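Work out the full structure: start from the sequences and follow the hints.
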Amino acid sequence: MLRAFTSRTESDVVPEAVEELLAPLVEAGATPRGALLFAAVDHDHQALVDALMDRFPDMALIGCTTDGEMCGCDGFAEDSATLIAFDADEVVFGAGLAEGLSTDIAGAIGRAVAEATASLGGGAPSLCFTTPESLTASAVQVLQGLQAALGPAFPIFGGTAADAWEFQGTKQFCGRRVVSYGVPVLLMGGSLRYASGIRSGWKALGIRAVATEVEGNVLHRIDDDTATAYYQQHLGPGSEPTGEYPLAVYPPGGDRFYLRAPLTFDFEAGTITLAGDVPQGATIQLTRATRDEILGATRDAVDEARRAWAEKYGEARPEAVVAVSCAARKQLLGTRAPLEIDLLSEGLDGVPIAGFYAYGEIGPFDGASHFHNETMVTLLLGEG
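Counting with our numbering, you get residues 76 to 459 for the letters of the sequence shown.
Hints should not be assumed to be uniformly reliable.
With a straight-line cut-off of 20 Å between C-alpha atoms, the simulated SDA-like cross-links for lysine to any residue are [to be verified]:
1) 278 to 387
2) 387 to 354
3) 278 to 308
4) 387 to 368
5) 387 to 76
6) 387 to 439
Please keep in mind that the hints were generated in silico from the structure rather than gathered at the bench. All values derive from a computational prediction rather than experimental measurement.
What follows is the structure, given as structure tokens:
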């Protein structure tokens, strides 16, 4: 079986923090094969990962800084380091790190995947979890690089690193390595079971349109008008594009969408800068959501994951949950943000849960992985 151990520390004293993080593993006499570390920006990350790897040098560890941490053992926090570690009989883990993204993003990611694959003992990977840099590299291009290395339909999950809504600089971890512009990759293989649920809560409104002029994540024109004019046509004169009204982006041939949230706008130029690239010619639509609908989507993501699990594995229980929510969801929910981990825990009673608030989320639907904004991604794991 796969055994998952979740723990949290808020200590700034590294030896004390490591003892708290590893306490469940030590108590159980477990030796983790893989782990995910989600940490607030003010920790001594290098000292922390060094101490963790000193204790378990063969552990495949990745992670990143966050905009908040979730732990089934201790709820929601904003200043903690949260660890989920996996001990398994027949599930294998391998970690790799991509650097040099500015010169050759696809090549760097390919090398990271090769590094992680080499640790799988000759077996093929079944799933990828990643925690990339988010402020300078395009998360869409990162995902495309992973798909090029692993396959277009390979299941890729994760979230981009955050820095407590400061947008100054994030950190990524892979083993003992702590970097600012990297893509950590954790591959899982062997006798792995998994299922997922991905929901946002936002509902489409108005008619669908086409992104007729786009440069990466800068949207210039929608149909025959400017991007800002499109928003004002729907929300009224003088209305400003905000994350409360993200755009739905429809993959070709599908009715399910991923979201793109406005970051900044320029009324004079008519442009909107979004929290992720949009394909030229993509079908888009304005969306809206209430706070209750955002929280309802957290419950829906759990329900979707549980249904998918039951369809695959019958009455077998999942043995771990990794959740990634969006920093923008946390901002919009305000004091109700801690309810997200409560809803996850209620829907998956007794299953170890850990996760974090990211600047963007990664997860698949309709056979392909996508980069999301303002979305809850719930990943169930087990061994079979």
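Structure-based check of all given hints:
1. 278 to 387: 29 Å, violated
2. 387 to 354: Outside the cut-off at roughly 33 Å; violated.
3. 278 to 308: 18 Å, holds
4. 387 to 368: Measuring from Cα to Cα gives roughly 28 Å; hence the hint is violated.
5. 387 to 76: Holds, at roughly 17 Å.
6. 387 to 439: Status holds; Cα separation ~16 Å.
Checked against the numbered hints above, the structure breaks hints 1, 2, 4 and satisfies the rest.
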